[in-house]
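Protein chains in written order, with this note's numbering: chain A, 719 to 1043; chain B, 201 to 461.
Since the hints were made in silico from the structure, they are not lab data. Errors might be hidden in some of the hints.
For lysine-lysine, the following DSS-like pairs were computed, each having C-alpha atoms within a straight-line distance of at most 27 Å [said to hold, decoys possible]:
#, chain 1, residue 1, chain 2, residue 2
1, A, K856, B, K227
2, B, K454, A, K832
3, A, K792, A, K832
To give an idea of the interface, some chain A residues facing chain B are shown, with a C-beta separation under 8 Å as derived from the structure [as the list claims (entries may be wrong)]:
#, residue
4, L799
5, S855
6, G857
Heads up, incomplete: computed chain A residues facing chain B, CB under 8 Å, no partners named [as the list claims (entries may be wrong)]:
#, residue
7, T769
8, G770
9, S795
10, I803
11, N805
12, Y807
13, D809
14, W813
15, F818
16, R821
17, S824
18, P826
19, V829
20, I840
21, I980
Values in this document were obtained by computation on a predicted structure and should not be read as measured data. Idealized CB from N, CA, C, for every residue including glycine.
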Amino acid sequence: MTFAIKVNDLTKRYGRVLALKNVRLEVEEGEFFGLLGPNGAGKTTLIRILTGLTAPTSGEVIVAGGNPFEEPVKVKSRFGLVPEISNVYVDFTAWENLMFTGRLYSVPRDVREKRAMELLEILGLKERRDSPVRQFSKGMRRRLAIAMALIHDPQILFLDEPTSGLDVQSTNVIRGILRRLNEEEGKTIFLTTHYIEEAERLCHRVAILNRGEIVAQGTVEELKASIKMSEIVEVTFNAPIPSLSELEKHCDKVIRLRENKIRLYSPHISRNLEAITDFARRNGLEILSVNTVNPTLEDVFIRYTGLDIVAVERMEQIRAKGSER
Amino acid sequence: MSIKRLSDDLLKVWAITEKDIRMYYLKSPSIFFGIVFPLILYFTFAMGRPCVTEAHRLTGVVTVSALFGATSVEAVVFSLERRSRTMDRLLVAPIHPGALIFGKAISGAIFGFIVAIIVGAILMLFGSFWRWTGLMPGLKLEPVTFMIAVFLTSIVSSSLGMIFSVKARDITEAMWPLNVIRFLMIFICGVFIPLDETFAFMPSAKFIAYLFPITYSVEALMQATFGMIQPRRLLLDFLALIFFSATFLMIAVKIFNRSIR
Ligand SMILES: Nc1ncnc2c1ncn2[C@@H]1O[C@H](COP(=O)(O)OP(=O)(O)OP(=O)(O)O)[C@@H](O)[C@H]1O
Ligand SMILES: [Mg+2]
């Protein structure tokens, strides 16, 4: 088995901030790998270390058969990077951006022209290839950044939140291309995202990163199986529930689904049931139903990060307004 | 290192140089600091100091144009490239940091060179503009030597500019230390006033001037424009400029490497 990416005991410190802590992960060649984590988890930091842009504080990094800091030229010609913010040259046209990038990778002129044409076609930018990128929308810039990362036909493609803040159409175009690159061209894809559904739909394997630590890693199925079905319980009451704070003491996470329905995450289900009946009695509520739930990847995420997905999405919306351009 | 690798690297360097030229030369900060500012300085000197000789006026203004042009464009290129995050694009590409810095040094030097040559040509043709007599008196130009001297001045300036620009987050962060050293050199290196006059108060301190690269630029330019070439002296000036450029570039690469980590 050959690894495209291998990281061992990786730690990154920014002054007093511990951005990554003892990260260990392995990505096989041809694998579609997703790094899932909330804002500030350390996703960008990890991708920057893998691509040789930021040096780790300690630990071992192997990408495409080499260390990006020790053999930069060899390793860097084997991967492409689509960063969090599309770093395209706005004074240049799409075509000029692609030609310049091709030259940085020593792609011969005829090859880079042919490949640029194909990439522009696939990414739906062919008609606009001679427009200055300054006039491009965010989604178009992102698509161009992807084309630029592929101009030298790399074995590995890194993408940092490739669809964040884009509309449905751009998102679908990008996801379709990534899947095709992986399935038809056998490229290894490493993407970070905080869209759970994106990881679930695209990735063979997923690692969940929270506060700099990998808290779970495996195929989506494995991750789901890692939480026992009984760990998630949905309870419906006969009347609106006043406050959840009392229940929160007993389990990892309580989410209000409707005003009279809640979902609890906890590894100790029997203790929970006592707590729930107690809670109902004290608040004068009647329990209408108690169900265990098949975990989704979302549940896995909530279970391991302790974060509420609604909160995560809201954070994303706020951030999307402020970022890019 | 194989020939193929070397030529690959040079092509990448040239790609960066060419892009910088196309992208940053006509940005307003480049034009202001690189062209307008030296001109203002020139007129200040031309009018305010009647004792300045014609010869010094020409060599001085050519030197200052190259110096300001090349250093400023570095400050502009690096800060804009940082701000648009396109620096990451260069860093993630398979290029040695040294080659990257070299590519940028060349583009800065070309900018300084073009500005200085244009300014120099105007002065030579209309050097006595104020007296309406046309061609500058005493001019005995050695064009090739002149070009080499201007180019080396530009290279040494862009390398110097690089030292202060590689880490800078915005233009002003690079500009203020640059201004300190640029003005210091203008006054110490005999740019507008002959060295003997500058150090008239203490002739033994004259050696200080020779610790700065611009002194050698002025010396070489003087020889090239007024037909007073002393081959040994000229060679020494050129070698000094090359030595300063190489040293500055190495320092810049060091700082740059450290700033990535
Ligand atoms: N250059 C830096 N200097 C200091 N601290 C940094 C730097 N870059 C990142 N950090 C810190 O490291 C942590 C991880 O940040 P990182 O950008 O990797 O998170 P992320 O998972 O990419 O978040 P997001 O989803 O918001 O992009 C944060 O606490 C952040 O403040
Ligand atoms: Mg990030």
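Going through the hints against the structure:
{"no.": "1", "hint": "A:K856 - B:K227", "in the structure": "24 Å, holds"}
{"no.": "2", "hint": "B:K454 - A:K832", "in the structure": "38 Å, violated"}
{"no.": "3", "hint": "A:K792 - A:K832", "in the structure": "24 Å, holds"}
{"no.": "4", "hint": "L799", "in the structure": "5 Å, holds"}
{"no.": "5", "hint": "S855", "in the structure": "17 Å, violated"}
{"no.": "6", "hint": "G857", "in the structure": "18 Å, violated"}
{"no.": "7", "hint": "T769", "in the structure": "5 Å, holds"}
{"no.": "8", "hint": "G770", "in the structure": "7 Å, holds"}
{"no.": "9", "hint": "S795", "in the structure": "4 Å, holds"}
{"no.": "10", "hint": "I803", "in the structure": "5 Å, holds"}
{"no.": "11", "hint": "N805", "in the structure": "4 Å, holds"}
{"no.": "12", "hint": "Y807", "in the structure": "6 Å, holds"}
{"no.": "13", "hint": "D809", "in the structure": "5 Å, holds"}
{"no.": "14", "hint": "W813", "in the structure": "13 Å, violated"}
{"no.": "15", "hint": "F818", "in the structure": "5 Å, holds"}
{"no.": "16", "hint": "R821", "in the structure": "4 Å, holds"}
{"no.": "17", "hint": "S824", "in the structure": "5 Å, holds"}
{"no.": "18", "hint": "P826", "in the structure": "10 Å, violated"}
{"no.": "19", "hint": "V829", "in the structure": "14 Å, violated"}
{"no.": "20", "hint": "I840", "in the structure": "21 Å, violated"}
{"no.": "21", "hint": "I980", "in the structure": "44 Å, violated"}
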